[in-house]
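Novice: Spelled out, the chains give:
2 protein chains.
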Amino acid sequence: MSLPTKSTLVAVNEPPTYEINATFDQPESTFKIVEKEIGELQDGQLLVKNLYLSNDPTQRGWITKNPNREAMYVEPIGANDIMRSYGLVEVLDSKSETHKVGDIYMGTTYWGDNVVVPALFLSLKVDKSVPLPLTAYVDWVGGTGLTAYFGLYDVAQLKKEDVLVVSGAAGATGAMVVQIAKHLIGAKKIIGIAGGQEKCDFVKSIGADECVDYRSKDFSGDMKKALGEDQECDVYFDGVGGEILDQMFSFVKRRTGVVVACGAIAGYNDSSKLWVKNWGHIITRRLNVKGFIVTDYLGEAQKAIQAIVGGVKAGKIKVDNTLHLEDLSKESEPLKQLPTIYNKLFNGEKKAGKLLTKLADPIN
Amino acid sequence: MSLPTKSTLVAVNEPPTYEINATFDQPESTFKIVEKEIGELQDGQLLVKNLYLSNDPTQRGWITKNPNREAMYVEPIGANDIMRSYGLVEVLDSKSETHKVGDIYMGTTYWGDNVVVPALFLSLKVDKSVPLPLTAYVDWVGGTGLTAYFGLYDVAQLKKEDVLVVSGAAGATGAMVVQIAKHLIGAKKIIGIAGGQEKCDFVKSIGADECVDYRSKDFSGDMKKALGEDQECDVYFDGVGGEILDQMFSFVKRRTGVVVACGAIAGYNDSSKLWVKNWGHIITRRLNVKGFIVTDYLGEAQKAIQAIVGGVKAGKIKVDNTLHLEDLSKESEPLKQLPTIYNKLFNGEKKAGKLLTKLADPIN
Chain A
1 MSLPTKSTLV AVNEPPTYEI NATFDQPEST FKIVEKEIGE LQDGQLLVKN LYLSNDPTQR
61 GWITKNPNRE AMYVEPIGAN DIMRSYGLVE VLDSKSETHK VGDIYMGTTY WGDNVVVPAL
121 FLSLKVDKSV PLPLTAYVDW VGGTGLTAYF GLYDVAQLKK EDVLVVSGAA GATGAMVVQI
181 AKHLIGAKKI IGIAGGQEKC DFVKSIGADE CVDYRSKDFS GDMKKALGED QECDVYFDGV
241 GGEILDQMFS FVKRRTGVVV ACGAIAGYND SSKLWVKNWG HIITRRLNVK GFIVTDYLGE
301 AQKAIQAIVG GVKAGKIKVD NTLHLEDLSK ESEPLKQLPT IYNKLFNGEK KAGKLLTKLA
361 DPIN
Chain B
1 MSLPTKSTLV AVNEPPTYEI NATFDQPEST FKIVEKEIGE LQDGQLLVKN LYLSNDPTQR
61 GWITKNPNRE AMYVEPIGAN DIMRSYGLVE VLDSKSETHK VGDIYMGTTY WGDNVVVPAL
121 FLSLKVDKSV PLPLTAYVDW VGGTGLTAYF GLYDVAQLKK EDVLVVSGAA GATGAMVVQI
181 AKHLIGAKKI IGIAGGQEKC DFVKSIGADE CVDYRSKDFS GDMKKALGED QECDVYFDGV
241 GGEILDQMFS FVKRRTGVVV ACGAIAGYND SSKLWVKNWG HIITRRLNVK GFIVTDYLGE
301 AQKAIQAIVG GVKAGKIKVD NTLHLEDLSK ESEPLKQLPT IYNKLFNGEK KAGKLLTKLA
361 DPIN
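Protein chains in written order, with my numbering: chain A, 1 to 364; chain B, 1 to 364.
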């Protein structure tokens, strides 16, 4: 099979219109399609075919006009730059000693069909001998599962006797947090926070003892009821930030309580919604807040993957229900739809679980 | 000498006017003078004479109309309740086995002349054989010194090779933080944050390597310069909160950096000034935020006092310059002035160091 000679890519527009409050539902203003010749690969480069693209809230920050861009932990994406994404790719051509043609990798890629990336972007190789669906690597054994695993085991050090509250519990990471806490760690009590009855039902179906609807008029009262005689939680796993976080400070155990801060989806479309108004509670309750991003733990990924896969094989961790797959592999102009699909993370159209965009099946 | 039979006290007014934004400079509306008969002491009670009253930002929270009063770590003070304070007192009469007449104690007392308090309020006894001025016990060997000591040694675990930034560095606690870090721990670099050239000069005179003026138009640039090749600090000791805290997140070392959260003076008169807008930096920089209040460490106070007194005796820690004493012991109606003096914490009238109100000399 001959290699492709051109890439079709999705770039950020110029002049940039991606203000903090911009939405993604106008791909014609926020993004544009560009074509690029694929030249000869440099040392350490790969030509890869995108199979699945992960849709993650964190991408929002990469292209935001942020006055504190230098504080970001990844390179920001400027005007005319190609949009980045986590994804699952197949290696078509390689100038790397470690990455072979036909290998499938999870890691960082670009929005496009066939793209050139540094081999360093792709650190997690799919072991084809393990009978798992490919989507799992961009879902529960990808960033989502690893965030849940390392956030609970390493950052929070959640124990059997602990009470856990997790926000965004119907979301990709939150649902894995619930299941790992329940089925692998066996925590004393797990309380999810989610929006609406349907999501709460889902959260309970995968193992949460209680679920509190953040849209409730009396969130605080509902949380009190859910905590019951425990009154406080040992660990609050926060992927949301903003108002829920502010309210949760009052429910985290004094002195020993841990807040795992690993996401801020409340602020992605309006950063003022992320303002923390109850900072004083961190002081008066002597809380421990631990900022956390999963990339610090990728070197230890295999032990997490084995544990999660073990839980799935034992029938304890359920993963099928937690996927929202958008299949563009049969579409004639799939790339134009990437921004609209991505925006489903924010506009309420996303179903429970991980939002994944399929672009192609592997060749090999 | 016969015991007093009446207390003159300062109570919070009714209806309460102490809204979040209320100032303290109108004692006639925020506080009122009340007289009470001193009845027979109950078991565990003491009659004490107030010698020195400590003026602390934290008292502000005790009387604030706070929607989250239940989240406070001490009993709030309601309408008609007597105002509480840390202070130095002499025991005039005792129904406690541990507290003897003539003993001098540091601890919690009430705004008043002679007041009845539970012996439990007073946990730190003055050792009269140690040649220290009494004021030291309400200053650098009281809450101030202990906050600095335990905040640095236990919470932050500051080491010789570490870079420290401390806000409110010209204030009572901040000045002790600078000196303990410099002269007892010997940290690699200490940067104070203070308002104006005069305070910054003071901060450098007591041992800070650099001082950044938070009123500067380019605080961030100045902090960068002060950090120099270190670029980031290992520990940020924050007693201020709000905007300075928000900016400092960007300068705390990724993954290992610690923010000691022990005060929030920026928000005492306007809680919106305490809002944290850069919560996301805690995540992206993987910071460790540790809420802290000194009362958790009072059981270990003696080792801290010995270390601080040792530093003073060795001529390393200077304490004389850090006292702002308001002497009311010769005034005819001293209690009426307590709110006005207290308000100097907030209206800019306080000089560098600890703000202390003297009411009387000890009898014994």
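Just to be clear, a hint being listed does not mean it is correct.
Any copy, or any two copies together, can satisfy a pair, since identical chains are not distinguished.
Unchecked claim - Derived lysine-lysine pairs resembling DSBU-like cross-links, with alpha carbons at most 30 Å apart:
id : residue 1 : residue 2
1  : K36       : K189
2  : K358      : K277
3  : K224      : K351
4  : K316      : K336
5  : K273      : K303
6  : K224      : K273
7  : K204      : K6
8  : K225      : K318
9  : K6        : K303
No lab work stands behind these hints: they were computed from the structure.
Novice: Failing hints, ascending?
Specialist: Violated hints (numbers, rising): 1, 2, 4, 5, 7, 9; every other hint is consistent with the structure.
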